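Residue numbers (this note's numbering), protein chains in the order written: chain A, 1 to 323; chain B, 1 to 422.
Worth double-checking, as some hints may not be accurate.
Computed cross-link-like contacts, SDA-like style, restricted to lysine to any residue with a CA-CA straight-line distance of at most 20 Å [what the hints assert, rightly or not]:
| no. | chain 1 | residue 1 | chain 2 | residue 2 |
| --- | --- | --- | --- | --- |
| 1 | B | Lys-363 | A | Arg-67 |
| 2 | B | Lys-384 | A | Met-18 |
| 3 | B | Lys-359 | A | Arg-67 |
| 4 | B | Lys-373 | A | Arg-265 |
| 5 | A | Lys-255 | B | Arg-355 |
| 6 | B | Lys-354 | A | Val-191 |
| 7 | A | Lys-255 | B | Lys-44 |
| 8 | A | Lys-255 | B | Met-352 |
| 9 | A | Lys-321 | B | Pro-277 |
| 10 | B | Lys-44 | B | Lys-132 |
| 11 | B | Lys-359 | A | Tyr-140 |
| 12 | B | Lys-347 | A | Ser-220 |
| 13 | B | Lys-395 | A | Gln-254 |
| 14 | B | Lys-359 | A | Tyr-10 |
| 15 | A | Lys-321 | B | Arg-350 |
| 16 | B | Lys-373 | A | Val-191 |
| 17 | B | Lys-373 | A | Tyr-140 |
| 18 | A | Lys-247 | B | Arg-350 |
| 19 | B | Lys-373 | A | Asp-251 |
| 20 | B | Lys-298 | A | Gly-289 |
| 21 | B | Lys-298 | A | Gly-257 |
| 22 | A | Lys-281 | B | Asp-287 |
| 23 | A | Lys-247 | B | Asn-128 |
| 24 | B | Lys-359 | A | Ser-220 |
| 25 | B | Lys-341 | A | Asp-116 |
| 26 | A | Lys-247 | B | Arg-355 |
| 27 | B | Lys-363 | A | Tyr-140 |
| 28 | A | Lys-247 | B | Glu-405 |
| 29 | A | Lys-211 | B | Lys-341 |
| 30 | B | Lys-303 | A | Ser-2 |
| 31 | B | Lys-354 | A | Asn-112 |
| 32 | B | Lys-347 | A | Gln-254 |
| 33 | B | Lys-395 | B | Glu-405 |
| 34 | B | Lys-298 | A | Asp-116 |
| 35 | A | Lys-9 | B | Pro-277 |
| 36 | A | Lys-255 | B | Glu-349 |
Quick caveat, the hints were computed from the structure, so don't treat them as lab data. Model, not experiment: these values are computed from the prediction.
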Amino acid sequence: MSYEMWAEKYRPKQLSNMVDQKIIVERLKSFAKSKNVPHCIFAGPPGTGKTTAALCLTRALYGEGYREHLMELNASDERGINVVRETVKTFARSRSIGEIPFKILILDEADNMTSDAQQALRRTMERYTETCRFIMCANYSGKIIEPIQSRCAPFRFSFLPREEHDTYIKHIAESENVHLMPDGLEAIFEVCGGDLRRAINTLQAAASMNKPVDSVLIYSVTGKASPSDVQRMLNTAINGYFLGARKQLRDMIQKYGVAGVDIIRQIHKEIFKAEIPEPWKMKLAAITGEIDYRLVAGSDEEVQLSALLARFVEAGSEIKKGN
Amino acid sequence: MQFLYMTWTVKHKPKSTAEIVGNPSAIKALRDWLQSWDKGVPKKRAVFLCGAPGVGKTVTVEALAHELHMELVEKNASDYRTEDAINRFAGLASQYGSLFGGKRIVLLDELDGLMGNADKGGVKAITNIVKKARCPIVLIAGNAYDPRFTALRSYCLLIEFKKPPASSVMKNLQRIREREGIEADENTLKFIAQRAGGDVRSAVNDFQALAQGKNRLAYDDVSWLAYRDRQESIFNVLKMILYGRTSYGAKQAVDMADVDIDMLFEWIYENVPAHFPDPHDLVQAMDALAMADVYRGKIRASKDWSFTRYVIDYMTVGVAMARQESKVSGWIPFKFPSRIKMLSRSKAERAMRKRIGLKIRRKCHISVARTSKEVLPYLRIIFKNNANMAGGIAKWLDLDAEMVEYLVGSKVRAGAITAFLG
Numbered sequence: 001m002s003y004e005m006w007a008e009k010y011r012p013k014q015l016s017n018m019v020d021q022k023i024i025v026e027r028l029k030s031f032a033k034s035k036n037v038p039h040c041i042f043a044g045p046p047g048t049g050k051t052t053a054a055l056c057l058t059r060a061l062y063g064e065g066y067r068e069h070l071m072e073l074n075a076s077d078e079r080g081i082n083v084v085r086e087t088v089k090t091f092a093r094s095r096s097i098g099e100i101p102f103k104i105l106i107l108d109e110a111d112n113m114t115s116d117a118q119q120a121l122r123r124t125m126e127r128y129t130e131t132c133r134f135i136m137c138a139n140y141s142g143k144i145i146e147p148i149q150s151r152c153a154p155f156r157f158s159f160l161p162r163e164e165h166d167t168y169i170k171h172i173a174e175s176e177n178v179h180l181m182p183d184g185l186e187a188i189f190e191v192c193g194g195d196l197r198r199a200i201n202t203l204q205a206a207a208s209m210n211k212p213v214d215s216v217l218i219y220s221v222t223g224k225a226s227p228s229d230v231q232r233m234l235n236t237a238i239n240g241y242f243l244g245a246r247k248q249l250r251d252m253i254q255k256y257g258v259a260g261v262d263i264i265r266q267i268h269k270e271i272f273k274a275e276i277p278e279p280w281k282m283k284l285a286a287i288t289g290e291i292d293y294r295l296v297a298g299s300d301e302e303v304q305l306s307a308l309l310a311r312f313v314e315a316g317s318e319i320k321k322g323n
Numbered sequence: 001m002q003f004l005y006m007t008w009t010v011k012h013k014p015k016s017t018a019e020i021v022g023n024p025s026a027i028k029a030l031r032d033w034l035q036s037w038d039k040g041v042p043k044k045r046a047v048f049l050c051g052a053p054g055v056g057k058t059v060t061v062e063a064l065a066h067e068l069h070m071e072l073v074e075k076n077a078s079d080y081r082t083e084d085a086i087n088r089f090a091g092l093a094s095q096y097g098s099l100f101g102g103k104r105i106v107l108l109d110e111l112d113g114l115m116g117n118a119d120k121g122g123v124k125a126i127t128n129i130v131k132k133a134r135c136p137i138v139l140i141a142g143n144a145y146d147p148r149f150t151a152l153r154s155y156c157l158l159i160e161f162k163k164p165p166a167s168s169v170m171k172n173l174q175r176i177r178e179r180e181g182i183e184a185d186e187n188t189l190k191f192i193a194q195r196a197g198g199d200v201r202s203a204v205n206d207f208q209a210l211a212q213g214k215n216r217l218a219y220d221d222v223s224w225l226a227y228r229d230r231q232e233s234i235f236n237v238l239k240m241i242l243y244g245r246t247s248y249g250a251k252q253a254v255d256m257a258d259v260d261i262d263m264l265f266e267w268i269y270e271n272v273p274a275h276f277p278d279p280h281d282l283v284q285a286m287d288a289l290a291m292a293d294v295y296r297g298k299i300r301a302s303k304d305w306s307f308t309r310y311v312i313d314y315m316t317v318g319v320a321m322a323r324q325e326s327k328v329s330g331w332i333p334f335k336f337p338s339r340i341k342m343l344s345r346s347k348a349e350r351a352m353r354k355r356i357g358l359k360i361r362r363k364c365h366i367s368v369a370r371t372s373k374e375v376l377p378y379l380r381i382i383f384k385n386n387a388n389m390a391g392g393i394a395k396w397l398d399l400d401a402e403m404v405e406y407l408v409g410s411k412v413r414a415g416a417i418t419a420f421l422g
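Kindly produce the complete structure, drawing on both the sequences and the hints.
Now the structure itself:
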């Protein structure tokens, strides 16, 4: 077993090594061959190869010295308008030395940029097209403003299908001498749903226990790995213990640093799985939507989410009464 | 070392008016009046400075005397008592230029100290000196409107010193923090500043009492004290809001509270659940707080403070009116906002997560924000179970011993991993 992060170690270096996303890969290869790249949007769920594709494309263009022609920015960390005005602009306007006259700027998690910053980006993209091409990676292309979308070639990444997922995970397990049981592999897919980064991290964490990796081990790992036990919190609320539920919420946010938007996404999922009367599901979903909207508008995560928890307390008591 | 036993109020006394907290217009009025003496004796030969303790009256006079190169002759309540004693230094006030050629200010401080029979005639004697004064005379008292001063006041220019806002008091504490090299976060200083209620001197004294001999002052060191003497009042405020029957009463509570709106919000937010047992009422009350918070968000985004009125409406009237069915039997204690305590404690943890996140970002093409959900949980498992793999990863990511310890969650077992770091 090697002692680094496998998700990085097994990140494909060449476009031809990429698993799945065949149509996208073919087009990217043709970009590399013609040594010309338009501005791109890579949209799709996490762990489906967006960043990898962008890195592979850059490598295909410039060869091993590709780092000199590349800037990677992460919009979740640097999403303000100042980053666009300063960092991005400075990089974008200077000419690249070498055969290819432009550089590549990978803007990861671009859907987390403020709309101000996106507006500022739009001019920058236009003005410096000669010297810089943008690849924007995002979970949802809808969060990227129209004017930018219209300047970019869109690529839609999707979750890996079962066979491709299995082949890749098995390949890693073999290379690392991990004893991966068939039910363990199935459990990984079940839990991670085709998110390859998560799948590899799960495999590595399970392998660190030095036991054959079966489904039991996988479930115990993923249980530990998700501090945001949203289901437990909602049950606490539905059973009428508001303070207990609020405490769990507080721990998630403050101790484990889980983002409010992630919690609310899971709450939304749980609503339709929960054993509550059908009419209540839509009521709660509607309120969840309202709270989600407020979080995006910049309100306090705990205050807003605990108002939502109060609704679950109310739902629980109404259900008990038989309403 | 020579400063070791010095009180900070002396050690960090403002050397210039620029360093004085608050009251810019009062300071300017005093400066203008002092300078007007250069053009001859002004209409009012004395100023009367009044204002609550610790707002900077005396310090202002001292700083101005220094800035305008004037000699300050100071008498306070311990120096003079009776008419005779006061008349004895009347001569001082008889000329503008002092013996050494400089200009002179005569300061009579702590006039409130002139009391009853013992100081009989004292105020009258001062009034006489003021009438004939040939140099600026500065009088200081807490309450200039005391009836004893009525006659005297009519010969004086009255300058009022107001209590500076907590934010200004805090700036002063920050200045001292830098000079003393004490580690104390903003929340901690804010607490001390708010507690002082505009008394700059007592804020500095509190800060010294809490921090001297330490190089670090944490929020937990002060929070207990902050509410030692204020609890009574915050409890009454909470009662007015959580059990208010009229919108007027609930709103009025805000004026009675001696904490700022954000802190009051935290108190209400902490205590609503225990006091609204009925689920429907709870929903209404929590909704009201959530709406108050929406407006707080708008204020943060737009810096438009006029939205504050809606914040107040929701957090007071909104909460009070939520009570329909909830009946509380017996005494339910009000609790200190635990979220605040936890925030300051988990601040260190957040900083640690961020430091590790930055290391991971360098290697793994993922935002710091997402590492805490997508990478850290797995690293924790690996670090707890497999020292070899953890050591390799720690080296690969270039983590330091502290980061390893955080991921392992135990100092002892971290040793086995840090051995790999070499």
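Do the hints match the structure? See the list:
no.: 1; hint: Lys-363(B) <-> Arg-67(A); verdict: holds (13 Å)
no.: 2; hint: Lys-384(B) <-> Met-18(A); verdict: violated (32 Å)
no.: 3; hint: Lys-359(B) <-> Arg-67(A); verdict: holds (18 Å)
no.: 4; hint: Lys-373(B) <-> Arg-265(A); verdict: holds (14 Å)
no.: 5; hint: Lys-255(A) <-> Arg-355(B); verdict: holds (15 Å)
no.: 6; hint: Lys-354(B) <-> Val-191(A); verdict: violated (27 Å)
no.: 7; hint: Lys-255(A) <-> Lys-44(B); verdict: violated (64 Å)
no.: 8; hint: Lys-255(A) <-> Met-352(B); verdict: holds (11 Å)
no.: 9; hint: Lys-321(A) <-> Pro-277(B); verdict: holds (16 Å)
no.: 10; hint: Lys-44(B) <-> Lys-132(B); verdict: holds (11 Å)
no.: 11; hint: Lys-359(B) <-> Tyr-140(A); verdict: violated (27 Å)
no.: 12; hint: Lys-347(B) <-> Ser-220(A); verdict: violated (29 Å)
no.: 13; hint: Lys-395(B) <-> Gln-254(A); verdict: violated (28 Å)
no.: 14; hint: Lys-359(B) <-> Tyr-10(A); verdict: holds (19 Å)
no.: 15; hint: Lys-321(A) <-> Arg-350(B); verdict: violated (43 Å)
no.: 16; hint: Lys-373(B) <-> Val-191(A); verdict: holds (15 Å)
no.: 17; hint: Lys-373(B) <-> Tyr-140(A); verdict: holds (19 Å)
no.: 18; hint: Lys-247(A) <-> Arg-350(B); verdict: holds (18 Å)
no.: 19; hint: Lys-373(B) <-> Asp-251(A); verdict: holds (14 Å)
no.: 20; hint: Lys-298(B) <-> Gly-289(A); verdict: holds (19 Å)
no.: 21; hint: Lys-298(B) <-> Gly-257(A); verdict: violated (24 Å)
no.: 22; hint: Lys-281(A) <-> Asp-287(B); verdict: holds (19 Å)
no.: 23; hint: Lys-247(A) <-> Asn-128(B); verdict: violated (70 Å)
no.: 24; hint: Lys-359(B) <-> Ser-220(A); verdict: violated (27 Å)
no.: 25; hint: Lys-341(B) <-> Asp-116(A); verdict: violated (34 Å)
no.: 26; hint: Lys-247(A) <-> Arg-355(B); verdict: violated (26 Å)
no.: 27; hint: Lys-363(B) <-> Tyr-140(A); verdict: violated (24 Å)
no.: 28; hint: Lys-247(A) <-> Glu-405(B); verdict: violated (26 Å)
no.: 29; hint: Lys-211(A) <-> Lys-341(B); verdict: violated (41 Å)
no.: 30; hint: Lys-303(B) <-> Ser-2(A); verdict: violated (52 Å)
no.: 31; hint: Lys-354(B) <-> Asn-112(A); verdict: holds (18 Å)
no.: 32; hint: Lys-347(B) <-> Gln-254(A); verdict: holds (9 Å)
no.: 33; hint: Lys-395(B) <-> Glu-405(B); verdict: holds (14 Å)
no.: 34; hint: Lys-298(B) <-> Asp-116(A); verdict: holds (16 Å)
no.: 35; hint: Lys-9(A) <-> Pro-277(B); verdict: violated (54 Å)
no.: 36; hint: Lys-255(A) <-> Glu-349(B); verdict: holds (7 Å)
Hint violations for this structure: numbers 2, 6, 7, 11, 12, 13, 15, 21, 23, 24, 25, 26, 27, 28, 29, 30, 35, all remaining hints satisfied.
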